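Chemist: Please build the complex by placing chain B on the supplied structure of chain A, with the hints as guidance.
Note that the protein sequences, when read in sequence, are chains A and B. If you use numbering that gives the first Met the number 0, the first sequence corresponds to residues 0 to 335, in order. If you use numbering that gives the first Met the number 0, the second sequence corresponds to residues 0 to 335, in order.
For the record, the hints were derived by calculation from the structure and aren't laboratory data. Small disclaimer: the values here were computed from a predicted structure and weren't measured. Mixed in with the good hints, there may be bad ones.
Heads up, the list lumps identical chains together, so a pair's fine if it works in one copy or across two of them.
In the DSS-like style, the derived pairs of lysine-lysine whose C-alpha atoms are separated by at most 25 Å in a straight line are [unchecked claim]:
no.: 1; residue 1: K202; residue 2: K226
no.: 2; residue 1: K238; residue 2: K282
no.: 3; residue 1: K238; residue 2: K8
no.: 4; residue 1: K43; residue 2: K238
no.: 5; residue 1: K322; residue 2: K67
no.: 6; residue 1: K43; residue 2: K175
no.: 7; residue 1: K284; residue 2: K1
no.: 8; residue 1: K202; residue 2: K1
no.: 9; residue 1: K318; residue 2: K1
no.: 10; residue 1: K238; residue 2: K284
no.: 11; residue 1: K238; residue 2: K1
no.: 12; residue 1: K238; residue 2: K142
no.: 13; residue 1: K282; residue 2: K27
no.: 14; residue 1: K1; residue 2: K175
no.: 15; residue 1: K27; residue 2: K285
no.: 16; residue 1: K321; residue 2: K67
Protein chains: 2
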Amino acid sequence: MKKIINDPKNFVDEMIEGILAAHPEQLKCVNNDLRCLVRSDEKKSGKVGLSTGGGSGHLPLFLGYVGKGMLDGCAVGNVFASPSARQMLEVTKAIDSGSGVLYIYGNYGGDVMNFDMAAEMADMEDIRVEQVVAGEDVASSPKGKEDKRRGVAGIFFVYKIVGAYAEEMASLDEVKRIAEKVCANVRTMGVGLSPCIIPEMGKPTFEMDEGQMEIGIGIHGEPGIGKGELKSADEIVEKMMESILEDLPYQSGDEVSVLVNGLGATPKEELYVVYRKVAQILKDKKITVYHPYIGEFATSMEMAGMSISLLRLDNELKKLLKKSANTPFFVQEELE
Amino acid sequence: MKKIINDPKNFVDEMIEGILAAHPEQLKCVNNDLRCLVRSDEKKSGKVGLSTGGGSGHLPLFLGYVGKGMLDGCAVGNVFASPSARQMLEVTKAIDSGSGVLYIYGNYGGDVMNFDMAAEMADMEDIRVEQVVAGEDVASSPKGKEDKRRGVAGIFFVYKIVGAYAEEMASLDEVKRIAEKVCANVRTMGVGLSPCIIPEMGKPTFEMDEGQMEIGIGIHGEPGIGKGELKSADEIVEKMMESILEDLPYQSGDEVSVLVNGLGATPKEELYVVYRKVAQILKDKKITVYHPYIGEFATSMEMAGMSISLLRLDNELKKLLKKSANTPFFVQEELE
Chain A
0 MKKIINDPKN
10 FVDEMIEGIL
20 AAHPEQLKCV
30 NNDLRCLVRS
40 DEKKSGKVGL
50 STGGGSGHLP
60 LFLGYVGKGM
70 LDGCAVGNVF
80 ASPSARQMLE
90 VTKAIDSGSG
100 VLYIYGNYGG
110 DVMNFDMAAE
120 MADMEDIRVE
130 QVVAGEDVAS
140 SPKGKEDKRR
150 GVAGIFFVYK
160 IVGAYAEEMA
170 SLDEVKRIAE
180 KVCANVRTMG
190 VGLSPCIIPE
200 MGKPTFEMDE
210 GQMEIGIGIH
220 GEPGIGKGEL
230 KSADEIVEKM
240 MESILEDLPY
250 QSGDEVSVLV
260 NGLGATPKEE
270 LYVVYRKVAQ
280 ILKDKKITVY
290 HPYIGEFATS
300 MEMAGMSISL
310 LRLDNELKKL
320 LKKSANTPFF
330 VQEELE
Chain B
0 MKKIINDPKN
10 FVDEMIEGIL
20 AAHPEQLKCV
30 NNDLRCLVRS
40 DEKKSGKVGL
50 STGGGSGHLP
60 LFLGYVGKGM
70 LDGCAVGNVF
80 ASPSARQMLE
90 VTKAIDSGSG
100 VLYIYGNYGG
110 DVMNFDMAAE
120 MADMEDIRVE
130 QVVAGEDVAS
140 SPKGKEDKRR
150 GVAGIFFVYK
160 IVGAYAEEMA
170 SLDEVKRIAE
180 KVCANVRTMG
190 VGLSPCIIPE
200 MGKPTFEMDE
210 GQMEIGIGIH
220 GEPGIGKGEL
230 KSADEIVEKM
240 MESILEDLPY
250 QSGDEVSVLV
260 NGLGATPKEE
270 LYVVYRKVAQ
280 ILKDKKITVY
290 HPYIGEFATS
300 MEMAGMSISL
310 LRLDNELKKL
320 LKKSANTPFF
330 VQEELE
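So here's chain A without its partners, still in its complex pose (with noise of 0.2 Å):
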């Protein structure tokens, strides 16, 4: 196991520790309970609470984008495990306003019955609480069922748009309606080419030979369309981008926002080989790039691969997409 810790046992906290040494300025935990994350900076009154959460090993999800543009607050599960309704509850109410909360996570059995159940707890409480499931990953689930498909690194235009949107002041409702239409214009699919090691149990979540890709894998390395021989770069590429292009569809005059994400042990050389296949595609089919984002927002711990997000923009969700973003894992001055 070649990893960088101390007792396995303590990972989790120990990096949470790390994270909160690092970044006091602009993250905080409440109640002394390290697994529960809110921005440091004061609430803003009226503002809706942005709030998610799920298992570690995916930084910078989720904790990471806690911050000014972004999310409010976070709860932090043990790798790849869902934080417990009664973390989510403390999160919801330290970040609560008055103006309600809106639950953005993706869809993971645990974390979708966590969140109910804290969404249930918040409302006796008197907090109101709404929830976006994000579920983009087009290999695990087919077309027609949506609704089964895990969330994967497009989670990353959620936050960022959302983030934006009650920056403004926009209503629960006017939040809710935004990261709905995210998720609606968002797709993604990954590839893997090694597994990565749950540091507690101290050997790979999954076979892989040398050689070997899957493409659709998942950020736990659930299966995707099966393995097979590792391909050239712009065979992955290909392959890829056309589940994702036919999914939605994407079309010829649509403006779209590109994710290449690595996985954790892909360098960032290879995500810019990937990029450059992926802008030759789209150039080809008259879709126009606005502003890609390359490098990892959503991992596998020392997991190789990568995976491809695209968002489908419209002026509405282009002008919140160039606002300014300030967290422990993403700058972003405001765009052009």
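Modeler: Here is chain B on its own, set in the frame of chain A:
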């Protein structure tokens, strides 16, 4: 070879094509040479030009720091190989606006030779060039022989601070003075847990068994203090910090910035486990941390490992470190 690439021969050019496709508003090439990159925005008349260069495989190094508040140009070599003097000269000519150019690069034989030659050629074209060679890896050469040290991730601090100073229209002599001051106050040490593969070679640059590590490793896999059994994060950090702290030395009452840099495959989670211990050690020594940077700043493709750099601050360096910057790989809003 678990890489998402096409023909290894085209790896660097395709990566740069991807970068130029993604960031045309920030980067462009000179004379259609993909290996000669400069800022896209207009030159500020009278501003000292800042140039760097080096081998590929280290993103964001080197080209990723070309942009507002940091560098003006970069010559790009093949993987782990120096760019040519001619390419360095082309960049020099493109970024000079009459006030001269400062070369800032890491202490590697090929780079030193080629930058020296480029400086001579620039002189013949009546462009004044000064050079600062960064070398802060305490494991690469003992105290007293600092001029033999390799330049590694600490060069980020040189780019950041010198870039801010040049934007304030400081003279070439002044800009060089600050660059040397940063170099004099920064120290780094790395640890590697796995090798990386140069695409054209197709095999690891060195061997490392499962469960081993090498403290003091260079970003091309240069030998460190010797291979040994992989220790806990806290033990590794203690050993590295001891060497770093005693070298300058950093002392009680000092204020430092910290850079915890991932070499490629090591997840951000582990970098924060590392930072947690770094912060504890500094606190115990009564050394104040001003603003830590944690992430991938100087990589070795898919090598597992990390490095720790400390920069001792004074008022002049701190003021410049705070300034905003905006490059394809690094964005900072002005700090408080």
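Chemist: Can you tell me if K238 and K1 fall within 25 Å by alpha carbon in one copy, between copies, both or neither?
Modeler: between (32 Å within a copy, 18 Å between copies)
Chemist: Which holds for K318 with K1 at a C-alpha limit of 25 Å: within a copy, between copies, both or neither?
Modeler: Neither, since 43 Å and 39 Å both go past 25 Å.
Chemist: Using 25 Å as the alpha-carbon threshold, which applies to K43 and K175: within, between, both, or neither?
Modeler: Answer is within; shortest intra-copy Cα gap is 19 Å, inter-copy 45 Å.
Chemist: Between the shortest in-copy and the shortest cross-copy C-alpha distance, which are at most 25 Å for K321 and K67: within, between, both, or neither?
Modeler: both (14 Å within a copy, 18 Å between copies)
Chemist: Evaluate K238 and K282 at a C-alpha cut-off of 25 Å and name the case that applies: within, between, both or neither.
Modeler: Classified as within; 16 Å inside a copy, 51 Å across copies.
Chemist: Classify it for me, K202 with K226: is the Cα-Cα distance of at most 25 Å met within a copy, between copies, both or neither?
Modeler: both (20 Å within a copy, 23 Å between copies)
Chemist: What label fits K322 with K67 when the C-alpha limit is 25 Å: within, between, both, or neither?
Modeler: Both ways: K322 and K67 sit 11 Å apart in one copy and 19 Å across, limit 25 Å.
Chemist: Tell me, please, which holds for K238 and K142 at an alpha-carbon limit of 25 Å: within, between, both or neither?
Modeler: For K238 and K142, the Cα distance is within 25 Å only inside one copy (17 Å; across copies 54 Å).
Chemist: Can you tell me if K238 and K8 fall within 25 Å by alpha carbon in one copy, between copies, both or neither?
Modeler: between (40 Å within a copy, 23 Å between copies)
Chemist: Between the shortest in-copy and the shortest cross-copy C-alpha distance, which are at most 25 Å for K27 and K285: within, between, both, or neither?
Modeler: between (45 Å within a copy, 23 Å between copies)
Chemist: What label fits K43 with K238 when the C-alpha limit is 25 Å: within, between, both, or neither?
Modeler: neither (45 Å within a copy, 45 Å between copies)
Chemist: Reference check for the pair K202 and K1, CA-CA at most 25 Å: within, between, both, or neither?
Modeler: both (11 Å within a copy, 19 Å between copies)
Comparing the model with each numbered hint stated earlier shows that hints 4, 7, 9, 14 do not hold.
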